[in-house]
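Chemist: Residues per chain are reported as follows:
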Amino acid sequence: MNDNSFKKAIPYLIPAIIVLTVFTFYPLFNAFVQSFNRLPNPDNYELSLKTYQWLFKDTTFLTAVKNTLVYSLVTVPISIAISLMIAALLTSINRLRVFFQTVYFLPYVTSAVAVAFTWGYLFNADYGLINQIMHNVFNLPKIPWLRSPDYAMSAVMIFGIWRSLAFNVLILTTGMLSIDPQYYKAARVDGANNATTFFKITLPLLAPVVSYVFTIGLINAFKVFTEVYALIGSSARVYKANTMVFYIFDQLWVYKDYSLASAAAIILLLIILVLTAFSRWLSAKTDYMN
Amino acid sequence: MRIRLEDVTVKFKDRRNPKNEVIAVNHVNLEVPESKLICLLGPSGCGKSTALYAISGLQELTGGKIYFGDRDVTKLDTQERKIGLVFQNYSLYPHMTVSQNIAFPLKNAKWKRKDIEDRIQEVARIVQISELLERKPAQLSGGQQQRVAIARALAKNPEILLLDEPLSNLDAKLRRSTREEIRRIQKTTGITTIFVTHDQEEAMTISDEIVIMEDGRFVQQGLPQEVYEQPANLFVAGFIGSPTMNFFDGRFEDGAVMVGNYRVAAHSGASGAVTVGVRPESVRLKEDGLRVKVEIVELLGRERVCRLRTETGELLTMITDIDTLVEEDTQISVGFSPGKVYLFEAESGEALARI
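Protein sequences appear in the order of chains W and G.
Counting in the working numbering, the first sequence runs from 141 upward without gaps.
Counting in the working numbering, the second sequence runs from 47 upward without gaps.
For the record, the hints were derived by calculation from the structure and aren't laboratory data.
Errors might be hidden in some of the hints.
What the hints assert, rightly or not - No farther apart than 20 Å at their CA atoms in a straight line, the calculated lysine to any residue pairs in the SDA-like style are these:
#: 1; chain 1: G; residue 1: LYS121; chain 2: W; residue 2: LEU343
#: 2; chain 1: G; residue 1: LYS156; chain 2: W; residue 2: LYS425
#: 3; chain 1: W; residue 1: LYS425; chain 2: G; residue 2: GLU180
#: 4; chain 1: W; residue 1: LYS325; chain 2: G; residue 2: PHE133
#: 5; chain 1: W; residue 1: LYS425; chain 2: G; residue 2: PRO140
#: 6; chain 1: W; residue 1: LYS325; chain 2: G; residue 2: GLN125
#: 7; chain 1: G; residue 1: LYS182; chain 2: W; residue 2: ASN334
#: 8; chain 1: W; residue 1: LYS325; chain 2: G; residue 2: THR124
#: 9; chain 1: W; residue 1: LYS325; chain 2: G; residue 2: GLU180
#: 10; chain 1: G; residue 1: LYS153; chain 2: W; residue 2: ASP143
#: 11; chain 1: W; residue 1: LYS340; chain 2: G; residue 2: TRP157
#: 12; chain 1: W; residue 1: LYS340; chain 2: G; residue 2: ASN154
#: 13; chain 1: W; residue 1: LYS325; chain 2: G; residue 2: LYS65
#: 14; chain 1: W; residue 1: LYS325; chain 2: G; residue 2: THR120
#: 15; chain 1: W; residue 1: LYS340; chain 2: G; residue 2: THR120
#: 16; chain 1: G; residue 1: LYS65; chain 2: W; residue 2: LEU343
#: 17; chain 1: W; residue 1: LYS340; chain 2: G; residue 2: GLY110
#: 18; chain 1: G; residue 1: LYS182; chain 2: W; residue 2: ARG235
#: 19; chain 1: G; residue 1: LYS153; chain 2: W; residue 2: THR336
Unchecked claim - Examples of chain W residues lying across from chain G (beta carbon under 10 Å, computed):
#: 20; residue: ASP266
#: 21; residue: GLN322
#: 22; residue: VAL329
#: 23; residue: LEU345
The C-beta atom is built at its ideal place from N, Cα and C for all residues, glycine as well.
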C-alpha cells in the first residue's frame with residue numbers, strides 16, 4: 141500500500157479501530173498484565189512469574205486442563221461423525237427434509253440451561269430414563285451420573301455431543317446439498333455403490349466444510365462452560381467435571397483471584413491460537429482445488 | 047453395439063404445478079447401427095438430453111423399451127448397461143488427479159491394480175493426455191478436461207459412448223479441433239456413439255447420421271446431407287443450414303407456384319396456399335423475378351451475404367459469389383434456382399415437393 145491510499149483508508153478504519161481497542165485489545169492487554177501480577181487483585185501491582193508457577197502447581201487447574209482436553213478430543217470427533225451420518229440421511233430424503241432439519245436445529249436455539257434441566261432428569265440416578273434403560277433392559281447397575289467424580293464428566297460429554305449436533309448437522313447438511321448433483325450421476329455411471337460414493341465423493345468434496353465444523357467445534361469445546369455449569373452446577377469441581385473456563389469462573393467469582401484467572405485465560409488463549417493455526421493448515425490441506 | 051429405442055416416453059411432473067405433466071420425450075423410435083456416430087440435434091428444451099439420459103439409465107422411462115443389441119436394458123441400472131457417459135460440464139471429480147478420475151470406474155468394477163495402470167496408460171494415449179495424468183482437473187484447460195472426461199468414459203471398455211453437449215463449454219476454435227478429436231477417437235475405437243448437440247454445424251460435420259428432435263419427438267433421421275437436402279418439414283428446413291432457409295407465403299395458381307407476382311416454377315399441385323422455402327445459396331439475380339431492395343451486404347472474402355427485403359416487407363438472405371456485384375440501397379430482381387425450391391404444406395409444415 142502506498143502512503144496516499146493509507147491516508148485515505150484511515151478515516152474508514154477509525155470506527156473499527158476504536159471498537160476493537162476498547163472491547164478487544166484493551167481487555168486482552170489488561171488480562172495479560174494482570175496475569176503477571178503476584179497480588180490477587182488489580183488495585184496493587186507486583187509483576188512476577190509467580191502466578192504461572194502457582195497455576196501449574198494447582199491440581200484443580202491441571203484437572204481442568206485434562207478435562208478440557210478429554211472433552212474436546214472426545215466430543216468433537218464423535219459429534220462430527222454422528223452429524224455426518226444424520227446429514228447424509230437428511231440429504232437423502234426429499235419429503236419432510238425441512239421439517240427434520242428444523243427438529244435437529246432446535247437444540248441450538250433453545251437455552252442450554254433449560255435443556256440441561258431436562259437432561260438432569262434423564263441422568264437422574266434413581267428415576268432417570270438413562271438408568272432405567274440401563275437397569276431394566278441391559279441389567280446394568282444404576283449410575284449416579286451427575287453426583288460422582290467417575291461419571292460426571294461423561295455425562296457432560298454426552299450432553300455436549302448432543303448440544304453440538306444441532307450446529308454441525310445444519311452446516312454439514314447445507315454443505316452436502318451444495319455439492320453438484322452431477323458428481324453423483326457421474327459416480328452412478330462409474331458404478332460406485334453408496335459407501336464408495338460417500339467416502340470417495342461426498343466426504344472429500346465436503347472436506348472444507350468438515351474442517352470448518354471441526355475448527356469451530358474444537359474452539360467451542362475448549363471454551364466449554366455452560367454445559368458443565370448448567371448440568372452439574374457449582375459443585376463441578378468436587379465431581380471432577382471442572383473445565384478451564386469453569387476454573388477461570390471459579391477464580392473470578394468464588395476466590396476473587398483476578399491474577400490467577402487472567403493467567404488461566406492467557407493459557408486458554410494460547411491453546412486456542414495454536415488450534416486455530418492448526419486448523420488453518422488443515423483446511424489449506426483439505427482444499428481439493430490445490 | 048446396436049441401439050434400438052421402441053416407443054420411448056419420458057414424462058416429468060411440472061415443478062411449479064405438480065398436476066401438469068411435461069412430456070420430455072414423446073413416443074420415440076430410433077435405430078442406431080453398430081459403430082456409428084449419431085447426433086441428437088435440436089433446440090434447447092427439445093428433450094434431447096433427457097433422451098440421452100434415458101439411454102444411459104440415469105433417467106427412468108415412463109414407457110417404451112430400450113435394446114442394446116438384442117439385450118433389453120430398459121430395467122437395468124446405469125452401471126449394468128456398459129455405457130460411457132460424458133457430461134456437459136464434464137463432472138470430473140475435482141479432488142482426484144486425472145489418473146484417479148480414470149481409475150475410479152475401474153476400481154469400482156474391482157479391476158486388478160496392474161490392469162488399471164495399463165488401462166489408464168492406454169486410454170490416456172488414445173485421447174492424448176499422457177502428460178497430464180498427475181494433474182488435478184482445476185489445473186487443466188477446458189479442452190483437456192474434455193479429453194479426460196472422454197478417457198474416463200472409455201476406461202471401462204463401454205459398448206456405447208454417450209456425449210451430452212460435450213463441446214458447448216469450449217471456445218469456437220477449440221470446439222472445432224475437439225470435435226475432430228472426438229470423431230478420430232470414435233473411429234479408432236469403433237464404439238457406437240450418441241452425441242447430443244444444439245449446434246447444427248457440429249452435427250453436420252461430425253456425425254454419420256443426424257436425428258432431429260422437436261418438442262420431444264424425433265422429426266427426421268438421415269445422413270447429414272440428406273437432412274440438409276430433403277428436410278422432412280418446415281422445422282427441419284429452418285433448423286438446418288446457416289444462414290437459415292428463406293420462407294415465403296406462396297400459392298398455387300394456374301399450374302405454377304407463385305410468390306407475390308414472381309412465377310417460381312410450374313407445378314401441377316393442389317390449389318391454395320403453400321409455404322415456399324429456398325436456401326440463401328439458391329437465391330440468385332434474375333430479371334423478371336422477385337423485386338427486392340438490398341438492405342445490407344456483408345463481404346465474407348469468398349462470398350457476399352445480402353439481406354434483401356421484398357416489396358411486401360419479407361426479409362430474405364442471398365449468398366452470391368464475390369464477383370457478382372450487389373450494392374446496398376439498390377433495387378434488384380432475384381429468382382430461385384430450379385430444383386432447389388422446397389414446398390411445404392402451409393398448415394402442417396410437412397414437406398410436399400422440391401421443384
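Chemist: Indicate, hint by hint, whether the structure satisfies it.
Modeler: Going through the hints against the structure:
About 30 Å separates the Cα atoms of LYS121 (chain G) and LEU343 (chain W), which puts this hinted pair outside 20 Å; it is violated. Taken as a hint, the LYS156 (chain G) and LYS425 (chain W) pair is broken in the structure, with Cα atoms around 29 Å apart against an allowance of 20 Å. For the suggested pair LYS425 (chain W) and GLU180 (chain G), the alpha carbons sit about 17 Å apart, so the restraint of at most 20 Å is met. For a cut-off of 20 Å, the pair hint linking LYS325 (chain W) to PHE133 (chain G) stands: about 9 Å separates their Cα positions.
The suggested pairing of LYS425 (chain W) with PRO140 (chain G) holds, with an alpha-carbon distance near 14 Å, which does not exceed 20 Å. Between LYS325 (chain W) and GLN125 (chain G) the CA atoms are separated by roughly 11 Å; this keeps the pair inside 20 Å, and the hint holds. Between LYS182 (chain G) and ASN334 (chain W) the alpha-carbon distance is near 24 Å, which puts this suggested pair outside the 20 Å criterion. Simply put, LYS325 (chain W) and THR124 (chain G) have alpha-carbon atoms about 9 Å apart, close enough for the 20 Å limit, and the pair holds.
Proposed proximity of LYS325 (chain W) and GLU180 (chain G) is contradicted: the alpha carbons are some 24 Å apart, above 20 Å. A C-alpha spacing of about 58 Å is found between LYS153 (chain G) and ASP143 (chain W), which places the hinted pair above 20 Å, so the restraint is violated. Under the criterion of a C-alpha separation no larger than 20 Å, the hint pairing LYS340 (chain W) with TRP157 (chain G) is consistent with the structure, at around 17 Å. Restraint check for LYS340 (chain W) and ASN154 (chain G): the C-alpha separation of about 11 Å stays at or below 20 Å, so the hint holds.
Note on LYS325 (chain W) and LYS65 (chain G): the hinted pairing is violated, with a Cα-Cα distance of about 27 Å set against a maximum of 20 Å. A threshold of 20 Å between alpha carbons decides the hint, and for LYS325 (chain W) with THR120 (chain G) the separation of about 18 Å falls inside it, so the pair holds. Taking the CA atoms of LYS340 (chain W) and THR120 (chain G), the gap is about 29 Å. The hint is violated against a cut of 20 Å. Distance check on the hinted pair: LYS65 (chain G) and LEU343 (chain W) sit about 37 Å apart at the alpha-carbon level, beyond 20 Å; violated.
Distance restraint check for LYS340 (chain W) and GLY110 (chain G): the Cα-Cα separation of roughly 35 Å exceeds the 20 Å cut-off, and the hinted pair is therefore not satisfied. For the hint linking LYS182 (chain G) to ARG235 (chain W), the alpha-carbon distance of about 37 Å lies beyond 20 Å, and the restraint is violated. Under the criterion of a C-alpha separation no larger than 20 Å, the hint pairing LYS153 (chain G) with THR336 (chain W) is consistent with the structure, at around 10 Å. With a cut of 10 Å, the hint placing ASP266 (chain W) at the interface with chain G is violated, because the nearest CB-to-CB distance is about 52 Å.
Annotation: interface hint on GLN322 (chain W) holds; nearest CB of chain G at approximately 4 Å, less than 10 Å. The restraint placing VAL329 (chain W) at the interface with chain G holds, with a minimum CB-CB distance near 5 Å, inside the 10 Å limit. Look at LEU345 (chain W): its Cβ gets to within about 6 Å of chain G, closer than 10 Å, so that hint holds up.
In terms of the numbered hints stated before, the structure departs from hints 1, 2, 7, 9, 10, 13, 15, 16, 17, 18 and 20, listed from lowest to highest.
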